[in-house]
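Keeping their order, the protein sequence lines are chains B and H.
Just so we're aligned, residue 1 is where the first sequence starts under the working numbering, counting upward by one.
Just so we're aligned, residue 1 is where the second sequence starts under the working numbering, counting upward by one.
It should be emphasised that the hints constitute simulated quantities derived from the structure, not laboratory data.
All residues carry an ideal CB built from backbone N, CA and C; glycine is no exception.
Fair warning: there could be bad hints in the mix.
Here are a few chain B residues that face chain H, going by a calculated C-beta distance under 7 Å [what the hints assert, rightly or not]: (1) Ser545; (2) Ile546; (3) Asn547; (4) Asp713; (5) Thr815; (6) Pro817; (7) Phe882; (8) Gln893; (9) Leu897.
What follows is each chain in one-letter form.
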Amino acid sequence: LIKRLLTRAVFFFRSFILKSVINISVGMVGRSRFIFLLSILFCTIFIPLESSSQPKNPDKKLKDYFNEYAKKENVKFFFEEDWIKDITVNFELQSLPLLSVLNALLPRNHLTYRVYNERYIILLKDFSNNEVENETNKVNEETFLSDGKTYSVSGYVRDATTGEGIVGATVFINELKNGVSTNQYGFYSIGLLSNIYNITISSLGKSPTHEKVFLNENKTVSVELFDGTTQLNDVVVTAESFDHNISSPEMSLVRLTSKTLKSMPAFMGEVDIIKSIQLLPGVSSVGEGSGGFNVRGGNVDQNLILMDEVPIFNSSHLFGFFSTFNPDMVKDVTLHKGGIPPQYGGRLSSVLDVKLKEGNDKSFSGSGGIGILSSRLLIEGPIIKNRTSFIVAGRYAYPDLTLKRLKNLNLRNSSGSFYDLNLKLTHRFSEKSSIYLSTYYSGDSFKLASDTVYNWKMLATSLKWNTIVKDKLFISLTGTHSMYNYGIQGESAPNLFRTDFDITNTALKLDLTYPINLNHRIDFGGSFGRYQINPGKLIPELGSSINPSAMQDESSYESSIYVGSESKINERISVLAGVRLSHYNYIGKANLFVYDESIPKSPSSIIDTLNFAQGESIKQYTGAEPRFSLKYSVNATSSIKLSYNRTLQYVHLITNTTAVSPLDLWKSSSPYLKPESANQIAIGYFRNLLAKGIEASAEAYYKEIENMVEYKDGSNIFLNPFLESDLLPAQGRNYGVELLLRKNSGKVTGWIGYTYSRAFRKVKGETEEETINNGEYYPSNFDKPNDLSIVMNYKFTRRLSASANFTYSTGRPITYPQSIYIIDGYAVSQYSERNQGRIPDYHRLDVSLTLDESLRKTQKWKGSWTLSIFNVYGRKNPYSIFFKPEYAGRIAQAYRLSVIGTIFPSLTYNFKF
Amino acid sequence: MKSIVKGLIISCLLISCIDPVRLDADGDAGQLVVDGLITDKEELQTVRLSRSVNFDNNGVITTYTVPEVGAVVAINDDHGRVINLTESSSGVYVSQQNVKGEVGRSYKLSIITRKGKEFQSKPEKMFPVPAIDSIVYKYVEIEKISKSSGNVVKSSGFQISVVTIDPLNEKNFYRWKTNAIIEFFSNSEAADVSVCWYGVKPLEFKVELSDDRYFNGNKLIQPVSIAPYERATRILINVSQYSMTQEAFRFWSLIGSQQQSTGSIFDPVPSRINGNIRSVDTEETVLGYFGASAVFEKFVVFNRQIAAEFSPPVNAKPLLMGDCRIQEVGATNLRPTGF
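Whenever a hint applies, use it, and build me the whole structure from the sequences.
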């Protein structure tokens with residue numbers, strides 16, 4: 001047994017050292033470490049602990065403490081018994097998290113530790129501290145003289161395995177008990193008074209690194225972090241009382257790493273970002289199969305969805321069954337539900353910022369998956385080692401295989417597929433300057449029943465240049481281009497036709513970050529972009545008797561400037577304050593109908609038509625969007641936050657269906673369609689439960705929206721040249737309370753979220769025709785007051801893990817059949833006022849089980865099987881209740897439609913190489 | 001253009017399922033319902049008045065007509081002409097003799113109920129209707145899912161379409177109604193009861209409408225119905241083409257889309273269907289519509305066996321023995337016009 005364990009120890013040690021070699025070749029720090037590691041490898045005998053019981057004693061030998069811990073937590077310790085025979089853990093220490101204990105005891109005994117593969121803790125002799133380096137340090141420390149000036153410490157924090165920048169890593173100045181986080185590229189910058197500082201750099205799921213800086217000039221400290229144990233690591237972070245969620249003034253924000261996303265049960269065998277975020281408090285949707293999501297009572301089009309900073313206009317494939325994002329490509333997802341920072345604008349309700357991975361600039365690797373509905377493959381590697389890298393990923397879905405087996409005739413005659421491709425190139429000119437090119441292309445084609453083909457295509461490209469001026473000013477210049485084209489093709493003879501819709505956005509963006517000192521940072525910048533919208537064209541095929549027809553194209557410019565500052569006023573109070581000024585210019589060429597203002601707009605109330613030339617301004621709007629948040633730390637583990645933000649939106653998605661459909665169209669703000677605006681205030685209490693690594697938060701918000709777009713009953717939005725006469729401005733009133741308990745580490749990870757929220761609409765025009773539900777507030781389509789989500793992941797062993805999620809929500813509001821009458825022989829139903837009924841409550845449980853094939857380190861190929869079961873107890877959650885006459889139209893019947901009213905299992909094989 | 005609508009209406013995504021449910025009725029039943037139309041055809045002009053009933057689908061076949069009796073009903077045109085209607089049976093009000101409306105006139109319906117409440121329609125203009133150029137038919141095989149067994153049931157039939165030349169200089173709104181007379185034989189010794197005919201009215205329960213938004217000035221080929229092919233005999237197809245106002249078109253479009261509703265996420269959100277009748281002095285809601293239409297009728301008779309190029313009917317009805325008049329509802333041995 002001992003021999004086997006030894007072999008294993010050597011195995012992981014060897015790969016550890018290989019990684020260290022890479023580390024050292026880049027970093028400056030560790031030559032001596034390399035030598036000592038080698039010496040350890042050859043001289044040390046590791047003794048895995050066997051269990052033994054000891055009588056209870058207030059003070060424990062460290063060895064016994066390890067022993068007990070190992071039994072409790074499924075962790076193994078490796079060390080030279082000799083090293084720790086004199087160390088005892090006193091009673092007070094025993095109640096602290098493991099790593100706090102290690103941090104407290106090991107340094108003074110000239111020891112350090114490494115955590116490897118989430119379960120192995122290796123004790124090492126800390127030569128660096130007391131021998132070679134220590135001596136030079138001593139000399140330095142003695143001779144170091146502070147000149148009283150402020151210098152900057154800046155640099156990148158990168159992943160040691162892939163070279164990718166780490167977002168939100170903590171750079172903590174031990175002396176000041178204060179720190180900063182890295183930005184979205186892994187860059188940080190701090191202004192500090194000249195002195196000697198010990199800096200701890202840590203990130204969730206990584207082993208922390210400590211650096212000593214003698215600050216008498218601007219210094220660059222870039223580090224690479226190794227994978228560590230999630231379970232222990234973030235305890236360290238909290239123990240050092242610097243944790244983003246309680247110390248930053250940002251609120252109403254959730255960050256999900258690709259690791260979290262991957263541990264959730266996958267529907268149809270694939271991790272889905274959009275479905276995952278729907279499990280967060282404050283995020284809902286109208287139902288299964290509906291694309292998009294609703295944040296705090298906002299419509300689907302009010303979410304700014306960014307893929308590597310490119311705004312995208314459709315977040316789903318195959319009508320919401322897959323998300324646009326290839327899960328293998330996703331590095332990190334941040335959702336802002338409120339307190340939106342001033343650099344974001346153009347949409348009212350949320351920002352979903354999806355960062356894609358950068359290619360591995362050290363070695364080639366790949367990953368992928370094979371499932372019953374879709375497969376995917378990703379390959380990444382260096383082009384020039386440590387400088388230039390590429391990553392390319394593709395996905396293809398083939399639901400036909402499943403569709404052909406279904407009973408439903410319409411479905412059996414349906415067919416479809418989608419594919420998407422990601423390519424990203426990264427090049428580092430120097431430590432301070434890099435360039436990124438990220439591009440995405442996707443195509444969907446879906447044929448419903450036999451005669452209509454839906455198509456949509458998307459292209460999203462960004463080119464970004466990051467540089468640092470004078471070691472302090474971080475500059476990011478980004479050009480983005482996003483195109484979304486969709487339409488249908490009608491195949492039923494004799495009238496063949498197709499329709500075509502487009503929306504294109506091209507923009508240039510400049511963002512600058514300037515840290516004045518540790519306590520003040522300024523962000524500023526601006527953007528300029530152009531929208532081009534084709535709100536619908538009808539194109540007859542040869543021989544069809546349909547006339548071609550088209551809505552006029554719409555062009556506009558949207559520009560903005562912003563400034564924001566984050567300031568730590570004192571130990572307790574931090575403030576983030578900023579403002580964004582935006583300007584919108586709707587330009588020709590266009591014809592504009594002038595309506596008689598004394599009567600409701602209709603085609604017959606048009607009194608004049610104005611013609612605007614190419615480029616001529618038709619209507620301009622300017623607005624200020626203040627953003628403000630404040631944090632007050634109650635104590636080291638809890639804080640209260642307050643935020644206010646105003647947002648403006650100039651382009652609108654027009655829809656008259658319950659969910660967003662492929663025939664909805666985008667419209668520019670115009671003299672008739674005013675910009676939408678939202679004002680939101682939120683207050684929250686945030687607390688970290690130290691010992692268990694649990695984050696808890698409670699937030700309450702109130703949000704008012706003006707000029708949302710509603711439609712008149714029975715209006716036609718397709719190719720309607722008088723569309724503005726069918727649209728009505730709506731007011732929205734949304735409020736709610738969101739509770740979240742999240743555990744990011746340990747054997748059990750996941751969250752419990754509960755939301756109580758309401759989302760109301762009000763349409764009160766001057767006449768009855770322009771009024772909905774008598775001008776009173778009515779619930780929106782996705783007003784679901786109670787919403788509970790539980791997401792749990794449990795690691796049984798290193799190879800086997802299981803996850804489950806459960807969601808419960810109040811049924812959504814519907815308009816339901818109330819009474820019945822006969823017209824011309826047809827049974828017709830009189831419906832209730834809009835959204836006055838509700839479908840039964842929704843609840844669903846999904847589970848998944850993942851089994852890793854092999855864990856041998858030498859094997860490059862790593863495979864895993866994931867079995868996921870969607871809707872485990874097969875509940876037929878109703879989506880809608882509708883009326884349909886039966887028996888030749890004479891008998892009225894009510895039906896309930898459930899989109900996925902059955903158990904849906906799927907099996908996927910995922911691999912990495 | 002129909003396929004756009006159809007595409008939107010197709011309910012099922014990948015794995016949806018539809019079940020009947022029982023609804024608790026808490027409706028606003030008892031609203032006055034007006035079902036009236038004046039045409040340019042010389043006939044008894046008819047208006048039906050009834051009251052709506054609570055939505056109740058407890059599985060028992062119920063009658064939805066609560067007739068509104070004892071009302072005073074009249075149609076007025078914009079030249080002061082009055083057509084008084086009298087109640088011929090409960091809730092059915094007809095003109096005293098055959099009369100016709102005139103293209104270009106506007107018509108208004110006025111009602112005074114037995115309780116003395118007064119209602120009026122908005123004036124409806126009667127627009128001219130283009131002539132049907134021809135009626136065409138095409139053999140089709142149809143697959144349907146049987147409601148009872150869930151199996152695929154195949155049948156055969158004929159896609160009936162009308163061909164109309166749409167006038168270029170006017171906005172046209174169309175509605176079509178299709179009836180049929182089907183010929184069938186019986187293995188009877190008596191020659192006079194071995195061949196019979198029965199009427200199917202309407203051929204399909206489906207609201208067929210179109211406007212000329214996409215076809216203005218073109219030859220319009222509009223599928224209107226599917227005729228059955230259950231016997232290898234002749235059939236008469238009669239199509240009526242109605243003109244209507246834009247408001248009437250909107251009303252019937254909503255009725256049509258409600259009939260085809262599937263509850264799916266791409267269905268337009270169901271809404272109330274407002275008609276053109278208002279209470280004179282209260283806010284009371286009145287359902288239904290009073291319309292004015294010019295009508296053009298055309299029929300065609302064809303031998304289904306020949307039209308199907310001698311393919312036999314799928315799921316053919318068997319040839320029975322005896323008097324053919326008792327083999328189908330409403331069957332007669334009096335040869336109708338056209339046969």
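Evaluated hints:
no.	hint	in the structure
1	Ser545	holds, 4 Å
2	Ile546	holds, 5 Å
3	Asn547	holds, 6 Å
4	Asp713	holds, 4 Å
5	Thr815	holds, 5 Å
6	Pro817	holds, 5 Å
7	Phe882	holds, 3 Å
8	Gln893	holds, 5 Å
9	Leu897	holds, 4 Å
Checked against the numbered hints above, the structure violates none of them.
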